[in-house]
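Novice: Hey, can you work out the whole structure from these sequences and the hints?
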Amino acid sequence: MEDDKNLRKLLSEGAMVKASADFTNKVMAGISEIQPSPLFETEKWKRIFKTMAALVAAVAIILSFFINPNSLPYSLIEKFSKIPAAYLTILTEYLVAFWILIALSLYMNKGSNTTSAIGN
Amino acid sequence: MNQQEEAIIIQKCCKGDHVAFSVLATAYQNMAITIAYNIVTNQADAEDVAQDAFIKAYTSIKSFKGNARFLTWLYRIVVNTALNKQKRTTLIYVEQPEEHYDEAVEDSMASLKSNEQKKYIRQALLHISEAERVCIILYYLNDWSIAEIGDITGFSV
Numbered sequence: 001m002e003d004d005k006n007l008r009k010l011l012s013e014g015a016m017v018k019a020s021a022d023f024t025n026k027v028m029a030g031i032s033e034i035q036p037s038p039l040f041e042t043e044k045w046k047r048i049f050k051t052m053a054a055l056v057a058a059v060a061i062i063l064s065f066f067i068n069p070n071s072l073p074y075s076l077i078e079k080f081s082k083i084p085a086a087y088l089t090i091l092t093e094y095l096v097a098f099w100i101l102i103a104l105s106l107y108m109n110k111g112s113n114t115t116s117a118i119g120n
Numbered sequence: 121m122n123q124q125e126e127a128i129i130i131q132k133c134c135k136g137d138h139v140a141f142s143v144l145a146t147a148y149q150n151m152a153i154t155i156a157y158n159i160v161t162n163q164a165d166a167e168d169v170a171q172d173a174f175i176k177a178y179t180s181i182k183s184f185k186g187n188a189r190f191l192t193w194l195y196r197i198v199v200n201t202a203l204n205k206q207k208r209t210t211l212i213y214v215e216q217p218e219e220h221y222d223e224a225v226e227d228s229m230a231s232l233k234s235n236e237q238k239k240y241i242r243q244a245l246l247h248i249s250e251a252e253r254v255c256i257i258l259y260y261l262n263d264w265s266i267a268e269i270g271d272i273t274g275f276s277v
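The listed protein sequences correspond, in order, to chains H and A. When we follow this note's numbering, the leftmost residue of the first sequence carries the number 1, and every step to the right adds one. When we follow this note's numbering, the leftmost residue of the second sequence carries the number 121, and every step to the right adds one.
Please keep in mind that the hints were generated in silico from the structure rather than gathered at the bench. Careful, some of the hints might be misleading.
Pairs of lysine-lysine, PhoX-like flavour, derived with a Cα cap of 25 Å [said to hold, decoys possible]:
| # | chain 1 | residue 1 | chain 2 | residue 2 |
| --- | --- | --- | --- | --- |
| 1 | A | Lys135 | H | Lys26 |
| 2 | H | Lys5 | A | Lys233 |
| 3 | H | Lys18 | H | Lys5 |
| 4 | A | Lys135 | H | Lys18 |
| 5 | A | Lys132 | A | Lys185 |
| 6 | H | Lys26 | A | Lys205 |
| 7 | A | Lys182 | H | Lys26 |
| 8 | H | Lys44 | A | Lys185 |
| 9 | A | Lys185 | H | Lys18 |
| 10 | H | Lys9 | A | Lys135 |
| 11 | H | Lys9 | A | Lys207 |
| 12 | A | Lys207 | H | Lys18 |
So these bits of chain A aren't anywhere near chain H, every CB distance computed over 12 Å [unchecked claim]:
| # | residue |
| --- | --- |
| 13 | Ala127 |
| 14 | Ile128 |
| 15 | Ile175 |
| 16 | Lys185 |
| 17 | Asn200 |
All values derive from a computational prediction rather than experimental measurement. Backbone N, C-alpha and C fix where the C-beta goes; we use that ideal spot for every residue, glycine too.
Specialist: Set out below in structure tokens:
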């Protein structure tokens, strides 16, 4: 029992290895390196949103070529809203036009960003 | 640090507060390095191992289940990281210079004696197996039970 106590004392005095002064800083630097920055996160979400918007616009444009407005199930929509079919046609056309403009705007912004990046 | 404080800090870390993690790293760094040192037997490597282990612990802290002790979980990461490092070092073995104690700077007899004692204790520890070293360190310096030591190291009791 006494030997056990002596060994414990000896080990706590001699076997404990002390960390260098900047050890915690090194650990925190390592953690910061692997963590994505908030700026990166924002950029990532912006990019995802832009990609989604562009995809929706592309699908809308493609669909507009194949869908005959008169074949759309307006009667179903009319059951839930009192909007006349003529207004729905206009609404669809506006939506398609809106997404085309959004897609164009995204494309133009991308172009101007590239130009400004080159300028910098 | 008591378990309640530890639990609060862990909760903060789970929410992405990496500054809170520095408190844990500061509190447990010496023990983590001591465990790593007794496996890799080199101070610089031990620091690298402990550093990697802390980073691994931070990145996977969400997987930490509150039903186990945090230290058991952390030291298990340290032991595994050290064993992996040891395996790699054994494969590419480069002879390390013996740890150098700058005795000229420390001219007082007391510190010289203390350093000598440390040196002998470490040398004595190097004469026993890696598994025995880690078990002795965990048993005598942490007061872990045999079952907990088995849980951390994976060595059979």
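Novice: Please go over all the hints and tell whether each is borne out by the structure.
Specialist: Structure-based check of all given hints:
With a C-alpha separation of about 21 Å, the suggested pair A/Lys135 and H/Lys26 falls inside the 25 Å cut-off, and the hint holds. The hinted pair formed by H/Lys5 and A/Lys233 meets the criterion: a straight-line CA distance of about 21 Å does not exceed 25 Å. Note on H/Lys18 and H/Lys5: the hinted pairing holds, with a Cα-Cα distance of about 22 Å set against a maximum of 25 Å. Between A/Lys135 and H/Lys18 the alpha-carbon distance is near 30 Å, which puts this suggested pair outside the 25 Å criterion.
With a CA separation close to 15 Å, the supplied pair A/Lys132 and A/Lys185 stays within the 25 Å bound. Restraint check: the Cα-Cα separation between H/Lys26 and A/Lys205 comes to about 19 Å, which is no more than 25 Å; the hinted pair holds. Between A/Lys182 and H/Lys26 the CA atoms are separated by roughly 22 Å; this keeps the pair inside 25 Å, and the hint holds. Taking the CA atoms of H/Lys44 and A/Lys185, the gap is about 31 Å. The hint is violated against a cut of 25 Å.
For the given pair, A/Lys185 sits about 29 Å from H/Lys18 by alpha-carbon distance, which is inconsistent with the 25 Å threshold. Straight-line distance between C-alpha atoms of H/Lys9 and A/Lys135 comes to about 40 Å, which puts the hinted pair past the 25 Å bound. For the hint pairing H/Lys9 with A/Lys207, the CA-to-CA distance comes to about 31 Å; that exceeds 25 Å, so the pair is violated. Only pairs whose Cα atoms come within 25 Å are accepted, and A/Lys207 paired with H/Lys18 is accepted, the gap being roughly 24 Å.
No Cβ of chain H approaches the Cβ of A/Ala127 within 12 Å, the least distance being about 20 Å, so the stated non-interface status holds. Every CB of chain H lies more than 12 Å from the CB of A/Ile128, the least distance being 19 Å, so the non-interface label holds. Non-interface call for A/Ile175 relative to chain H: violated, since the shortest CB-CB distance, roughly 5 Å, does not exceed 12 Å. Every CB of chain H lies more than 12 Å from the CB of A/Lys185, the least distance being 21 Å, so the non-interface label holds.
Non-interface status of A/Asn200 relative to chain H is upheld: no Cβ of that chain comes within 12 Å, the nearest being about 17 Å off.
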